[in-house]
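Heads up: the protein sequence lines correspond to chains P and A, in order.
Start counting the first sequence at 2; every next residue gets the next number (the working numbering).
Start counting the second sequence at 2; every next residue gets the next number (the working numbering).
No lab work stands behind these hints, which were simulated from the structure alone.
Just to be clear, a hint being listed does not mean it is correct.
Restricting the straight-line Cα-Cα distance to at most 20 Å, the calculated cross-link-like pairs of lysine to aspartate or glutamate (EDC-like) are [stated by the list, open to error]: (1) 106(P) / 235(A); (2) 139(P) / 233(A); (3) 3(A) / 230(P); (4) 137(P) / 235(A); (5) 137(P) / 207(A); (6) 106(P) / 133(A); (7) 271(P) / 133(P); (8) 137(A) / 230(P); (9) 3(A) / 231(P); (10) 139(A) / 233(P); (11) 137(A) / 235(P); (12) 137(A) / 231(P); (13) 25(A) / 50(P); (14) 86(A) / 221(P); (15) 68(P) / 133(A); (16) 139(A) / 230(P); (17) 86(P) / 221(A); (18) 106(A) / 221(P); (19) 25(P) / 133(A); (20) 139(P) / 231(A).
2 protein chains.
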Amino acid sequence: MKELPIGFIDSGYGGLTVVKQSLKQLPNESIIYLGDNARCPYGPRSLMEVRKFIWQLTHFLREKGIKMLVIACNTGTAAALDELKAVLPIPVVGVIASGSRAAIKQTQNNQIGVIGTAGTINSQLYTRTILEKTAKVKVESLACPSFVELVEEDRLDESSTQPHVNEVLKPIIQSGIDTLVLGCTHYPLMKREIKEASGSKVHLIDSGVETINEVSMLLDYFNLSRTAEEQEQDPASQIYYTTGEIEPFKVIAGKWLKADDIVVRQCRIKGEIIVEATNCES
Amino acid sequence: MKELPIGFIDSGYGGLTVVKQSLKQLPNESIIYLGDNARCPYGPRSLMEVRKFIWQLTHFLREKGIKMLVIACNTGTAAALDELKAVLPIPVVGVIASGSRAAIKQTQNNQIGVIGTAGTINSQLYTRTILEKTAKVKVESLACPSFVELVEEDRLDESSTQPHVNEVLKPIIQSGIDTLVLGCTHYPLMKREIKEASGSKVHLIDSGVETINEVSMLLDYFNLSRTAEEQEQDPASQIYYTTGEIEPFKVIAGKWLKADDIVVRQCRIKGEIIVEATNCES
Numbered sequence: 002m003k004e005l006p007i008g009f010i011d012s013g014y015g016g017l018t019v020v021k022q023s024l025k026q027l028p029n030e031s032i033i034y035l036g037d038n039a040r041c042p043y044g045p046r047s048l049m050e051v052r053k054f055i056w057q058l059t060h061f062l063r064e065k066g067i068k069m070l071v072i073a074c075n076t077g078t079a080a081a082l083d084e085l086k087a088v089l090p091i092p093v094v095g096v097i098a099s100g101s102r103a104a105i106k107q108t109q110n111n112q113i114g115v116i117g118t119a120g121t122i123n124s125q126l127y128t129r130t131i132l133e134k135t136a137k138v139k140v141e142s143l144a145c146p147s148f149v150e151l152v153e154e155d156r157l158d159e160s161s162t163q164p165h166v167n168e169v170l171k172p173i174i175q176s177g178i179d180t181l182v183l184g185c186t187h188y189p190l191m192k193r194e195i196k197e198a199s200g201s202k203v204h205l206i207d208s209g210v211e212t213i214n215e216v217s218m219l220l221d222y223f224n225l226s227r228t229a230e231e232q233e234q235d236p237a238s239q240i241y242y243t244t245g246e247i248e249p250f251k252v253i254a255g256k257w258l259k260a261d262d263i264v265v266r267q268c269r270i271k272g273e274i275i276v277e278a279t280n281c282e283s
Numbered sequence: 002m003k004e005l006p007i008g009f010i011d012s013g014y015g016g017l018t019v020v021k022q023s024l025k026q027l028p029n030e031s032i033i034y035l036g037d038n039a040r041c042p043y044g045p046r047s048l049m050e051v052r053k054f055i056w057q058l059t060h061f062l063r064e065k066g067i068k069m070l071v072i073a074c075n076t077g078t079a080a081a082l083d084e085l086k087a088v089l090p091i092p093v094v095g096v097i098a099s100g101s102r103a104a105i106k107q108t109q110n111n112q113i114g115v116i117g118t119a120g121t122i123n124s125q126l127y128t129r130t131i132l133e134k135t136a137k138v139k140v141e142s143l144a145c146p147s148f149v150e151l152v153e154e155d156r157l158d159e160s161s162t163q164p165h166v167n168e169v170l171k172p173i174i175q176s177g178i179d180t181l182v183l184g185c186t187h188y189p190l191m192k193r194e195i196k197e198a199s200g201s202k203v204h205l206i207d208s209g210v211e212t213i214n215e216v217s218m219l220l221d222y223f224n225l226s227r228t229a230e231e232q233e234q235d236p237a238s239q240i241y242y243t244t245g246e247i248e249p250f251k252v253i254a255g256k257w258l259k260a261d262d263i264v265v266r267q268c269r270i271k272g273e274i275i276v277e278a279t280n281c282e283s
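Please model the entire structure based on the sequences and the hints provided.
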């Protein structure tokens, strides 16, 4: 069981920010990733539809064999975490509780901001999670539906991007928050732009970093951690699947994970299930 | 189940450093504490004897009703965590894995120091836990058997204390570590003296803080967290038991937790079990 990889699922590239943190903090662990680029973004979809997609991604990785599942996607967490946790026999981790805890720990003026996709913000899951933990804070939230495309379409270097980000974030920054939760795993990929727009007084919470802290604790708690010795004998591996095209995934993942030998495989959505592209085409 | 307190057990006062962090980070949670002051320190005892004591403390709190157990004592964690986790139907958290993870995250020069009681250091549990997680670091460890008494006997303000602490810590500080794990929950009570002896370049890891992060995550993971609304309707309570004398416990706990209305009750060791003093004397 310990030898199996940790499974990460996401609507596209965003979950790679969580993987990046895993490679840093948990070097002994193998990972298997599935990005649903073909159907990205999830943000504007109904939670019911997202829940169905998350189950499809989960079944695919479960068939490959995983010891833990990370829903590395805020919309997916909002839609399906409770259900997956209740049903699956392996530990399941989402990204919302970790980010909420970190924000409560961080804020000094008790004013927390949360940005995310329309799906995540409309679900109000961050606001509810934070307010359940402490009645002392005020939570401002804002849907930033255009941000995911900026990342997925690799448009961050365009000259119109920074003014757009400034404009979108203006109301939440002006509300007086001192802590801003990046409530979408795509957003750490545009941390520079968000930091520029929010100024030095606002502390950004990267849900990926916080999520991997939780993964690390749960691996230990359930005696699922691989040791350095095991890593020496049988080095950890990484495999990336996408429902989209291989080449752009390779380029963006390589850039973000700072690696040029990434193994990317393709899978296809076939009716209600996801299958490897090679099988599909044979 | 959610309404039950979190149980904390320790050989004496040390676990109060973990409780202090719980009161700060988890204000909605009730706590029940049992300090085995009558048999403190645990450090010089055999792990088998400590394991027996930990089971006695655990049975006492389990009869009172707890939703999670924190072994807020490094010697106790080294002796009994694995066994308790395997047997009890509630989550059990120790202090060693949390401190180890935090140290690995913190160190820049990959040289970590660990100080603790003779029991904890001889068990080598910190060293093994850290080296299992990463082969890159070097771990220096040092038993500081005199430190627990300095705290338990309230002798930190004596003029001989600081020179003694400097002298004891000299070898481990000189070994070149940049991170020092306070591998005994009593040590945060003498953080000022340890900081003075170790200098500004050494980062201290307080296992209490790290342990409560883990408690917070597990409460969420197992849906055991109390909400702010529940806290409003039914405020969280704190009860402290000691196998020692009530008055000195009240003074030291009050000083450390910065509270003067602490409810302290006494219990007695009667053969193989621990019972409330009132029952015992009736």
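Hints, verified against the model:
1. At roughly 23 Å between alpha-carbon atoms, residue 106(P) and residue 235(A) are farther apart than 20 Å, so this suggested pair is violated.
2. Among the hinted pairs, residue 139(P) with residue 233(A) is consistent with the structure: their alpha-carbon atoms are about 17 Å apart, no more than 20 Å.
3. Proximity of residue 3(A) to residue 230(P) is assessed by CA-CA distance (about 39 Å); at most 20 Å being required, the pair is judged violated.
4. With a C-alpha separation of about 17 Å, the suggested pair residue 137(P) and residue 235(A) falls inside the 20 Å cut-off, and the hint holds.
5. Our distance criterion of 20 Å between C-alpha atoms is broken by residue 137(P) and residue 207(A), whose separation comes to about 26 Å.
6. Pair hint residue 106(P) plus residue 133(A) does not hold up; C-alpha atoms about 29 Å apart against a cutoff of 20 Å.
7. Between the alpha carbons of residue 271(P) and residue 133(P) the distance comes to roughly 40 Å, so the proposed pair goes past 20 Å and is violated.
8. The straight-line distance between the Cα atoms of residue 137(A) and residue 230(P) is roughly 11 Å, inside the 20 Å bound, and the hint therefore holds.
9. Annotation: proposed proximity of residue 3(A) to residue 231(P) is violated, straight-line Cα distance about 38 Å (limit 20 Å).
10. For the proposed pair residue 139(A) and residue 233(P), the alpha carbon gap of about 17 Å is at most 20 Å, so the pair holds.
11. Note on residue 137(A) and residue 235(P): the hinted pairing holds, with a Cα-Cα distance of about 17 Å set against a maximum of 20 Å.
12. Annotation: proposed proximity of residue 137(A) to residue 231(P) holds, straight-line Cα distance about 14 Å (limit 20 Å).
13. Proposed proximity of residue 25(A) and residue 50(P) is contradicted: the alpha carbons are some 40 Å apart, above 20 Å.
14. Taken as a hint, the residue 86(A) and residue 221(P) pair is honoured in the structure, with Cα atoms around 12 Å apart against an allowance of 20 Å.
15. At most 20 Å may separate the alpha-carbon atoms for a hinted pair to count; residue 68(P) and residue 133(A) meet this at roughly 19 Å.
16. Simply put, residue 139(A) and residue 230(P) have alpha-carbon atoms about 15 Å apart, close enough for the 20 Å limit, and the pair holds.
17. Straight-line distance between C-alpha atoms of residue 86(P) and residue 221(A) comes to about 12 Å, which keeps the hinted pair within the 20 Å bound.
18. For the proposed pair residue 106(A) and residue 221(P), the alpha carbon gap of about 15 Å is at most 20 Å, so the pair holds.
19. Between residue 25(P) and residue 133(A) the CA atoms are separated by roughly 15 Å; this keeps the pair inside 20 Å, and the hint holds.
20. Note on residue 139(P) and residue 231(A): the hinted pairing holds, with a Cα-Cα distance of about 18 Å set against a maximum of 20 Å.
Violated hints, in rising order: 1, 3, 5, 6, 7, 9 and 13; the structure is consistent with all others.
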